[in-house]
Amino acid sequence: MAEEKSLNFIEEIIEADLANGKYASILTRFPPEPNGYLHIGHAKSICLNFGLAINYGGKTNLRFDDTNPVTEDTEYVDSIKEDIKWLGFTWANEFYASDYFEQLYQFAITLIKKGLAYVDDSSSEQIAAQKGTPTQPGIENEYRARTIEENLQLFADMRAGKYKDGEKVLRAKIDMASPNMHLRDPLLYRIKHAHHHRTGDAWCIYPMYDFAHGQSDSIENITHSICTLEFIPHRPLYDWCIEQLGIFPSHQYEFARLNLTYTVMSKRRLLQLVNEKYVSGWDDPRMPTISGMRRRGFTAWSIREFCDKIGVAKRENLIDVGLLEFCVREDLNKTALRRMVVLDPLKVVITNYPEGQTEIVTSENNPEDADGGTREIPFCRELYIEQEDFMEVPSKKYFRLAPGQMVRLKSAYIIKCESVVKDAAGTITEVHCVYLPESKSGDDTSGIHVKGTLHWVSALHAVHAEVRLYDRLFKVENLNAAEGDFKDYINPDSLTILPAAYAEPALKAAKFEERYQFLRKGYFAMDKESTPEKLVFNRTVTLRDNWAKAQK
RNA sequence: UGCCCAAUAGUAUAAUGGUAGUACAACAGAUUUUGGUUCUGUCUGUCUAAGUUCGAAUCUUGGUUGGGCAACCA
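Just so you know, we're using the numbering used here here: the first sequence kicks off at 1 and counts up by one.
Please keep in mind that the hints were generated in silico from the structure rather than gathered at the bench.
With a straight-line cut-off of 25 Å between C-alpha atoms, the simulated DSS-like cross-links for lysine-lysine are:
(1) K162 - K113
(2) K347 - K422
(3) K396 - K549
(4) K508 - K347
(5) K397 - K347
(6) K451 - K347
(7) K192 - K131
(8) K511 - K81
(9) K22 - K5
(10) K451 - K410
(11) K114 - K173
(12) K85 - K334
(13) K440 - K347
(14) K334 - K309
(15) K267 - K277
(16) K113 - K173
(17) K267 - K475
(18) K511 - K528
(19) K267 - K85
(20) K487 - K277
(21) K451 - K416
(22) K192 - K113
(23) K85 - K511
(24) K475 - K277
(25) K422 - K396
Go ahead and model the full structure; you've got the sequences and the hints to work with.
Below, the structure is given as C-alpha cells:
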C-alpha cells in the first residue's frame, strides 16, 4: 500500500535542501527565553523542531535566548528542560546565547570597523521619534556620522561600565528610510547594569534579540531556524547581519503560532494570571502550560499527537480545544484503568440483600486491553450511585434508575427501584431497590436485558477522595478578538472541588503515573497534593456524552 | 497612507497545471454490562474579478478581507 506523504512547507524546503546537496544533514534549535513556563504553543514549536530533526536524521539544540537579564531566571531554565524531556525529546546540546557574549561582542566590533555600526547617545524617546513611522521615513542623527575610531572607543567604554543604563546604545547603520522598520538602524547593544543568571556581573552591555539570535544560529551551524510569523520582518536584518559578518548562513523560516479556543497563549498574559492569583501557579491544571497540562493528567503522547494533527502552515489559526480533548481521550481510552467513583452520591438500599453480607465481584481493568487484568470490588446492601442516575419522574428515553425501572449495576446485579425515602423538605435521601440474585455479571440466567448500566460504590467500603473538576478558563472562544481586558472573560466556574466523593477501594493504591477512567465520569489523574490520608484527583477530560448533549 | 504575510467545509490541514481529499466538530444508524469505545453512513468548501491554458484551488494582474511591522522585549 503506497503511503500518502503530504509535507508541510518546511518539510518541502528541507527535502529540497537535502536533495540538491545544500546540506548533508539538518540542525534545528529550540530557542526559549527563560522568562516563563512553556505552554502548548511552545509544544507545537518543540514538536516541529525536534520532529524535523528526527524525521530527517538531524539534530536539535536547546538554546536559551538569555540576553535580557532582568526578566530571566534559572527557575525557568529548569522548568523548560523538564517540560521538553517530559514531552519525550532529547536535545543534542544545551546552549545559552550568553555562552556567546564575547563572540557577539567581537562581531559588533567587526561591524563598527566596517563602518556598519555606531554608538548613539540619544535617549530612547529620541530614537523612537527619529525612527519615523511605517508610512514616514526616519531621519539620521548627528551620532550616525561618528568615526570608526570614536565608535570603537565608545563601545569599549560601554563595556567597561563608564556609562549608566540608557546613556548610550550601539546601532547598526543600515537605512533610516527603509520601508522595513527593522532596518532603520536597529539597536544592537544596550547598557544594563544587571546581574545575569549565568554570567553574573561580567557584563553590563547585552545584545538585543536581533543581534544575538541569528548569530547564535550561525555559530551553532543551525541550518533551518524556525520561528513564528511575527519575525518575518526581522528576516532581512537576520540575513544582513550574517552577510556583513560573513559567517555561516543559517536561514530563518516562519510558521503560524498556535492559538487555542477558550484560552490565552502569551507568556505575558499567563504571567499575569499567576501573579494576580487567578490561578494557583504556572502548573495550575487549568493553565495551557505544559506543567499545568501534565498535572491535569494529559499525556505527552496526546500533546505530540495534537501537534501532529494541527499541521504547520503560514496562516493565522484558531484550533478548537475539542481537538486536544479528542487526542487525550484517544490515548487514555486505550491505557487508563477503569475505576468506579461516585462524585455526587445518592444512597441505594437493596432491601432484599442480607444485612451484614459482603460479596466480591470482579471487573475488568480496561475493556480495551485484553491483558489488562481485573480487580475485585466489594458489594453489599447499601451502595452509592450518582444523583443524576436517578429520576423520580423520568423523562422520555431516560434509561437509568426510576421508580419501577431496572438498571444493571456494573459488574454486579440488576436492581429494580421500589420506593424512595424523603426527608422533611421532600428531598430524596434514599432509594430502595430489590436485586435479582440470578442476574449476577458473568453468571446471568435472568434473561432480562436492561438498557442502563450504572457505576456504584459500596457504602461500607467507600474510600473518600477529593475530586477537582475543570472547565475552560475563559468564557469566549477567541480571546485575541475579545474587546477590553482579557481577564474580564475569565470563567468563574473553571474549578469545581468535590471534597467528598466516594471511590472504590482499589483506588487506595492509586499511583501518580497511572491514569484512570472513573466510569462514565471521565479521565482522572492523581494530583500532586494527594496523600494516602487524603486522595486528590484531577479530571483531565470528560468522556464524550451524547446523552448530555441530547438534553440541551 | 508605506512595507510584508496570508486567504480551500464550522475548525484545522492536503491536493505542487489534470477526479477538491483527510481529521476534528455536527447529524443519522449499528454494536455495547460505560448514553464510553468501535463500526457504517450523511452534510458542509477553493474570497472576488479579469487574464494565461485544452484544462486553474494551484500561474499572472487588480480588488476584497484578515493579520503583522515603530519596546534600550524576545
